[in-house]
Amino acid sequence: MNVTSALIGGLSKTWHFATRNKKAGIGSFLLLILLLITAFPTFFAPYDPTAEIFTPRAGVTWSHILGTTAFGQDVFSQVIVGTRQSMMIALIVGLFCTILSVIVGVSAAYFGGAVDDVLSLFTDVVLVIPTFPLIIVITAYVKSANFWLMVFVLVLTGWSYGARQLRVQALSIRNRDFLLAAKARGESSWYVIIVEMLPPMTSLIVANFLGAALYAVLAASALQFVGLGNINTQSWGTMLYWAQNNEALATGMPLWALAPGIAIALLGSALALLNYAFDEIANPALRPVIRTRKRKVMA
Amino acid sequence: MKKVILEVEDLSRYFRVGGLRAKGLLHATDQVSFTVKQGEIVALVGESGSGKSTIARVLAGIYEPSEGEIIFEGSSISKNSDKAVRGRMPMVFQDPFSSINPVFRISHGLERSLKLHRKGLSKEARKALAIELVEKVGLTPGADVLRRYPHELSGGQRQRLGFAQALASQPSLILADEPVSMLDVSIRIGLLNVMKDLRDREGVSILYITHDLASARYTADRMIVLYAGQIVEEGLSEEVVASPKHPYTRLLMSTAPDPRLPYVEIENPGDLGEPPRVIDPEPGCRFAPRCPLVMDKCRTSNPTMVQVSPTNRAACFAITS
Amino acid sequence: MSTPILKVRDLEVEYATPNGPAKAVGGVSFDLEQGEFLAIVGESGCGKSTLLFAIAQLLTYPASMVGGTINFDGVDLTALNEEELRKYRWRDISVVMQSAMNALNPTLTISAQLADACRAHTDWSDEKILERSREVLSMVSMDHVHLKSYPFQLSGGMRQRAMIAMALLLNPRLVIMDEPTSALDVVAQRSLMSQIQSLREELGFSVLFVTHDMNVVSHFSDRLAVMYAGQIVEIGKTRKVFDEPLHPYSVGLMDAFPSLVGAPRQLLGIPGNPPSLVATSPGCHFAARCPSVMEICRTNRPELVDEDGHSVRCYLVNSVQI
Numbered sequence: 001m002n003v004t005s006a007l008i009g010g011l012s013k014t015w016h017f018a019t020r021n022k023k024a025g026i027g028s029f030l031l032l033i034l035l036l037i038t039a040f041p042t043f044f045a046p047y048d049p050t051a052e053i054f055t056p057r058a059g060v061t062w063s064h065i066l067g068t069t070a071f072g073q074d075v076f077s078q079v080i081v082g083t084r085q086s087m088m089i090a091l092i093v094g095l096f097c098t099i100l101s102v103i104v105g106v107s108a109a110y111f112g113g114a115v116d117d118v119l120s121l122f123t124d125v126v127l128v129i130p131t132f133p134l135i136i137v138i139t140a141y142v143k144s145a146n147f148w149l150m151v152f153v154l155v156l157t158g159w160s161y162g163a164r165q166l167r168v169q170a171l172s173i174r175n176r177d178f179l180l181a182a183k184a185r186g187e188s189s190w191y192v193i194i195v196e197m198l199p200p201m202t203s204l205i206v207a208n209f210l211g212a213a214l215y216a217v218l219a220a221s222a223l224q225f226v227g228l229g230n231i232n233t234q235s236w237g238t239m240l241y242w243a244q245n246n247e248a249l250a251t252g253m254p255l256w257a258l259a260p261g262i263a264i265a266l267l268g269s270a271l272a273l274l275n276y277a278f279d280e281i282a283n284p285a286l287r288p289v290i291r292t293r294k295r296k297v298m299a
Numbered sequence: 001m002k003k004v005i006l007e008v009e010d011l012s013r014y015f016r017v018g019g020l021r022a023k024g025l026l027h028a029t030d031q032v033s034f035t036v037k038q039g040e041i042v043a044l045v046g047e048s049g050s051g052k053s054t055i056a057r058v059l060a061g062i063y064e065p066s067e068g069e070i071i072f073e074g075s076s077i078s079k080n081s082d083k084a085v086r087g088r089m090p091m092v093f094q095d096p097f098s099s100i101n102p103v104f105r106i107s108h109g110l111e112r113s114l115k116l117h118r119k120g121l122s123k124e125a126r127k128a129l130a131i132e133l134v135e136k137v138g139l140t141p142g143a144d145v146l147r148r149y150p151h152e153l154s155g156g157q158r159q160r161l162g163f164a165q166a167l168a169s170q171p172s173l174i175l176a177d178e179p180v181s182m183l184d185v186s187i188r189i190g191l192l193n194v195m196k197d198l199r200d201r202e203g204v205s206i207l208y209i210t211h212d213l214a215s216a217r218y219t220a221d222r223m224i225v226l227y228a229g230q231i232v233e234e235g236l237s238e239e240v241v242a243s244p245k246h247p248y249t250r251l252l253m254s255t256a257p258d259p260r261l262p263y264v265e266i267e268n269p270g271d272l273g274e275p276p277r278v279i280d281p282e283p284g285c286r287f288a289p290r291c292p293l294v295m296d297k298c299r300t301s302n303p304t305m306v307q308v309s310p311t312n313r314a315a316c317f318a319i320t321s
Numbered sequence: 001m002s003t004p005i006l007k008v009r010d011l012e013v014e015y016a017t018p019n020g021p022a023k024a025v026g027g028v029s030f031d032l033e034q035g036e037f038l039a040i041v042g043e044s045g046c047g048k049s050t051l052l053f054a055i056a057q058l059l060t061y062p063a064s065m066v067g068g069t070i071n072f073d074g075v076d077l078t079a080l081n082e083e084e085l086r087k088y089r090w091r092d093i094s095v096v097m098q099s100a101m102n103a104l105n106p107t108l109t110i111s112a113q114l115a116d117a118c119r120a121h122t123d124w125s126d127e128k129i130l131e132r133s134r135e136v137l138s139m140v141s142m143d144h145v146h147l148k149s150y151p152f153q154l155s156g157g158m159r160q161r162a163m164i165a166m167a168l169l170l171n172p173r174l175v176i177m178d179e180p181t182s183a184l185d186v187v188a189q190r191s192l193m194s195q196i197q198s199l200r201e202e203l204g205f206s207v208l209f210v211t212h213d214m215n216v217v218s219h220f221s222d223r224l225a226v227m228y229a230g231q232i233v234e235i236g237k238t239r240k241v242f243d244e245p246l247h248p249y250s251v252g253l254m255d256a257f258p259s260l261v262g263a264p265r266q267l268l269g270i271p272g273n274p275p276s277l278v279a280t281s282p283g284c285h286f287a288a289r290c291p292s293v294m295e296i297c298r299t300n301r302p303e304l305v306d307e308d309g310h311s312v313r314c315y316l317v318n319s320v321q322i
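Residue numbers (our numbering), protein chains in the order written: chain X, 1 to 299; chain F, 1 to 321; chain W, 1 to 322.
Note that these hints are calculated values from the structure, not bench results.
Do not rely on the hints blindly, as some may be mistaken.
In silico SDA-like cross-links for lysine to any residue, where the CA-CA straight-line distance does not exceed 25 Å [claimed, not checked]: (1) W:K240 to F:R260; (2) F:K123 to X:S188; (3) F:K123 to X:P199; (4) F:K119 to X:L180; (5) X:K183 to F:S66; (6) F:K196 to W:M254; (7) X:K183 to F:R88; (8) F:K119 to X:E187.
Everything numeric in this text was worked out from a predicted model, so none of it was measured.
Please model the complete structure; the sequences and the hints are all you need to start from.
Okay, structure coming up:
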């Protein structure tokens with residue numbers, strides 16, 4: 001079926017691109033490592049991160065390459081095990097945000113008229129709401145801070161930016177004759193949207209996903225740092241929370257605070273690099289391009 | 001007497017312009033009537049603002065007519081966008097770049113058309129038919145072409161593909177909206193020949209929309225000249241070109257860049273005027289402001305189509321009174 | 001015989017592409033006399049616009065001039081730096097672009113843009129600028145009231161006239177035009193060409209006119225150059241090239257236009273596609289599509305050979321080369 005061949009074609013083009021573009025290469029590499037750690041934390045972590053059995057406040061040693069916390073826990077193990085939470089938030093929030101953005105943005109562009117007006121107004125209102133204060137208010141109000149609440153809040157505040165972007169690109173495709181041709185040959189609206197309109201938008205959708213994931217990582221870490229996450233789970237943000245509460249930087253345990261910070265930065269960079277790379281696929285204007293004459297096509 | 005495939009009666013299409021306060025009605029096409037018979041190519045010739053593209057889009061079902069009737073193969077389709085009906089009157093678009101989805105192979109659009117319009121065919125039969133269709137428009141070897149992606153084809157090849165896709169639904173009439181305007185000159189002839197070929201071998205009628213009088217003469221059996229949304233002259237192509245009656249047709253003939261035509265010096269090389277945007281029109285001939293034969297009558301009443309020869313008609317007071 | 005105002009010798013332009021350099025202009029040489037109208041005709045990808053931009057010294061990355069000289073009135077333009085070039089821009093050489101809507105600033109009135117051009121190249125007073133603006137608009141048969149118009153308020157034909165008016169502000173000796181009529185309707189096209197003709201008769205400037213539609217210039221140009229795959233394949237007096245084309249490509253091209261006169265007949269066009277400019281094969285660029293191709297055409301590149309003012313790049317015609 002042609003759709004599968006289109007998908008395979010798209011995937012192989014993506015692979016080609018990832019292996020040639022420097023940004024994509026580095027980003028993918030980092031992401032891959034972090035994904036491995038997410039999948040097999042026990043393989044990478046030497047100790048149980050919650051075990052308070054070691055010498056507290058130890059510096060860098062062979063057995064504790066990032067030292068220990070004020071409670072005698074191994075920092076390195078905590079960072080490794082904490083990867084899973086941050087990665088999960090990134091991917092899940094990214095996924096839901098993207099799904100919402102696509103539905104809202106593409107529908108607004110395709111149906112136009114009143115539908116577009118209503119959806120765009122809605123998008124713009126959500127976009128303008130200051131996200132962080134809203135997040136804090138919601139999580140503080142609900143009090144029982146769990147993973148899914150955080151996902152919910154982040155998705156609620158994160159989908160609108162992508163919706164705008166995708167709407168614009170969908171509009172430019174909307175006016176292309178091949179959509180008109182598809183409708184003219186009798187395809188249903190749903191077919192046109194899903195099969196004819198979305199595939200050319202793939203790279204922008206992926207770029208959106210990465211952007212949303214990046215937003216999720218940073219926002220989630222910030223929330224956990226402030227103590228609004230579940231402080232008894234293992235994550236980078238909660239590490240920062242505990243480190244801050246025990247004045248790690250001031251009392252000679254800098255790595256307790258720095259390690260999770262650097263980890264967040266690594267995941268963020270991986271996502272950002274891939275985001276730029278996919279933006280370049282989606283928008284050829286960002287690449288070094290040969291000037292093509294658009295007036296007439298080649299014979 | 002050949003069968004009438006398409007009958008357009010007093011077709012009008014208006015658009016609201018001017019925003020919230022100044023509500024004007026743009027008469028993109030006004031009271032246009034014509035017929036297309038089986039196995040003939042009819043050209044709609046006009047400059048910008050003539051309404052030719054609007055007519056094509058109304059016929060293709062993209063717009064609904066504001067007034068008038070469209071009778072296709074005996075039944076009225078004015079308010080109907082039935083899939084089967086639309087399949088019998090497909091459209092070929094102007095821009096070879098944007099008329100094919102770039103992410104799918106060439107076979108995609110063709111096989112979808114076949115699936116939608118030719119029921120009861122097996123997958124293999126569809127594949128074979130797709131190869132046959134692309135070869136009918138001169139894209140050979142068919143199997144090879146079907147495997148390629150759009151960006152691997154040239155503009156001329158993509159436009160041929162447009163005709164192949166139109167053929168997939170076994171149409172009786174193909175709407176060709178300026179199919180060669182964006183192609184290089186030496187490639188246009190190839191496409192025009194494909195159109196003539198389809199008429200001769202497949203018996204398909206074609207409504208050929210263009211601004212180029214010479215290609216209309218080359219390709220079409222009959223020609224309809226449009227100005228500011230109305231028909232000003234129509235009839236056999238050869239006759240329209242050999243003895244144009246309406247002053248606008250004469251203007252088109254004299255200004256057409258043809259090296260074989262003798263050079264007609266224009267005394268006053270000022271602006272020869274442009275076709276008007278017709279918003280809330282007053283009665284009167286729309287060509288009057290630019291017409292060398294204008295009379296008082298022309299400014300106050302609308303000329304109607306009058307027979308100027310056994311086969312041709314024109315709408316002009318100066319030549320028919 | 002006066003010296004030519006423009007002498008182009010062996011001009012070469014390359015585009016950087018991911019697959020290697022593409023030779024957009026592969027050795028073009030011609031002369032342009034004072035007051036002459038030379039039309040350069042060719043299909044998309046033949047290099048005519050690139051040639052024009054190279055002559056106007058307006059090439060930007062990824063295009064670059066890699067060979068040849070451009071001699072304007074005795075001065076080698078390629079040897080000048082930007083400062084020195086500015087002295088020639090608009091005063092001696094001006095450019096009319098393809099689409100006025102793209103070249104005119106949509107947020108400025110016509111008078112503001114004309115004033116802009118004046119101020120960039122002269123130190124005229126405001127009165128003089130206004131006076132000259134009125135003059136050039138009259139020259140192109142535009143009403144002075146349009147000085148206050150914005151481009152979107154003008155029709156396509158009028159916008160192009162405004163562009164030509166702007167090009168004539170400083171009375172240049174050479175006006176370079178890149179397909180100025182292609183976005184216009186047939187009637188507007190004709191009136192614009194006539195306007196250009198009468199201006200030439202009045203002011204005496206030379207015109208270098210690039211187009212894909214040779215019919216547009218058939219009644220106006222003095223000489224016609226046919227370009228294919230980055231080279232001039234035929235150049236001579238316009239009427240002669242139309243009536244007796246020598247190069248097989250020109251012959252094919254002349255035969256590709258349906259006509260409004262004469263008996264109806266079947267036309268064939270030119271089968272095939274232009275060659276890739278990156279992976280150039282040895283031999284004549286037109287060999288793959290030529291109906292009269294010979295053995296030597298596939299291995300050797302023909303030179304442009306002049307005979308009595310008419311030059312052709314073809315072994316079929318110039319048997320002396322074999």
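Broken hints, by number: As far as the earlier hints go, not one is violated by this structure.
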